[in-house]
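Reading the sequence shown from the start, the letters are residues 366 to 704 in the working numbering.
No wet-lab data here; the hints were simulated from the structure. Hints are not guaranteed to be accurate.
Claimed, not checked - Distance ranges between label pairs, derived from CB positions:
no. : residue 1 : residue 2 : range
1   : Ser-538   : Gln-682   : 25 to 33 angstroms
2   : Ser-378   : Ser-590   : 45 to 53 angstroms
3   : Ser-603   : Ala-529   : 50 to 58 angstroms
4   : Ala-529   : Asn-406   : 36 to 44 angstroms
5   : Lys-681   : Glu-575   : 36 to 44 angstroms
6   : Ile-574   : Asn-539   : 44 to 52 angstroms
7   : Asn-524   : Leu-420   : 26 to 34 angstroms
8   : His-655   : Ala-492   : 27 to 35 angstroms
The C-beta atom is built at its ideal place from N, Cα and C for all residues, glycine as well.
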Amino acid sequence: MRIFTASRGQLISLYRKIAENPLLIITSCSSLIISLKSILNQLSTTENELTKAFLHISQSIKLEVVILHELLSAQIAISDLMFLESLLSLNRAKDNLDKLRKLLNSKGSTSPSKQLPLVAWLECFYAHLLSKYTLYWFEILVRSASNLQEIEETANSENLNLVANITRFQRESNALNISLLFDTTCQSFPFLGHGYVLRGSVGDAPKGIESIPPIFNAPLGSSLSPVDIYTIVMQINSTLHLSGDDKIDVSDILKQPRYVYDEKLNHTYYIKKLECRVFLALVYEGLKSHKDKLINEFISMLTDTICLHKVVNLLKQHRQQFSSSPSTDRRSLRSLFFH
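Make a model of the complete structure from these sequences and hints.
In structure tokens:
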């Protein structure tokens, strides 16, 4: 029981750290994963000594750690646009979430109508990553499907549909384009295309304007014009402090959207850094106000979702329920070990 309590305490500290610094969940995933591996190793060393009475506790905590590990790994892979690695981590996270749910239900821990706060949070984390995965690779998924409607229906089945939210806002606000662009320069190997790339493939990395290509565009099926891409990439390079050292400038993520009006093109641009390597660009015909409430609210909503701020906010709400200090009180122990 001492080892389980210590492991739970370490997890509580990790949750508290994330809640107090929301950007850790996208900027420090690797260090969080190292902490989780340490907890998992600690639990594994006692496996042979466990009595049958403690197996349920051990299994539930280990599943929680494994799920967190896979979700953080998925966040790393998605933000680096690694197609297969993202998919595999998401699938493993989903499989282990199903196992955790089944394990808890088998012990009568909860009912379908009342889900444990931690499980609800893990599922929220998974749903946000899945929606981000679908958004970043939507155009690739469309190419592999028989028709666009098939992929749209799949996206609609997700708890959070970023593609639908973006395309709806593009229509309602009369935006010429709403696009996501990816910085290919912040990696040690050549970027060989958006989508799955066979291991061992070789080629030349994109240069110049092509080094920050669009990966998603609304209206669906359309593309940014070359002049708009040029304007956006120049603004990214000159104002958002791109660097090639793979480090995240947190200040860039916290900045207000970059507002630009091009008199020659008669286009207004709103440009925002969403993640280390992902940028949002909205293009409008004519002159728009940099204080436009609807546009800025949309950018804020999308930033909160992509940066997983909503996931962290839910963690803050539930923290008192599933991260209370260890106690000899039976109710506290039940909450602590989820059974």
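Verification of the hints:
Restraint check, Ser-538 to Gln-682: a C-beta distance of roughly 31 angstroms satisfies the suggested window 25 to 33 angstroms. The supplied range of 45 to 53 angstroms is met by Ser-378 and Ser-590, whose beta-carbon atoms lie about 50 angstroms from each other. The beta-carbon spacing between Ser-603 and Ala-529, approximately 33 angstroms, falls outside the hinted interval of 50 to 58 angstroms. One distance hint, 36 to 44 angstroms for the beta-carbon pair Ala-529 and Asn-406, holds here, with the actual separation near 42 angstroms.
Distance hint for Lys-681 and Glu-575: a CB-CB separation of about 41 angstroms, consistent with the stated range 36 to 44 angstroms. Evaluation of the 44 to 52 angstroms hint for Ile-574 and Asn-539 yields a failure: the beta carbon distance comes to about 26 angstroms. Taking 26 to 34 angstroms as the suggested C-beta distance range, the pair Asn-524 and Leu-420 conforms, at roughly 32 angstroms. For His-655 and Ala-492, the hinted distance range of 27 to 35 angstroms is satisfied, since their beta carbons lie about 33 angstroms from each other.
In summary, the numbered hints that this structure violates are 3 and 6.
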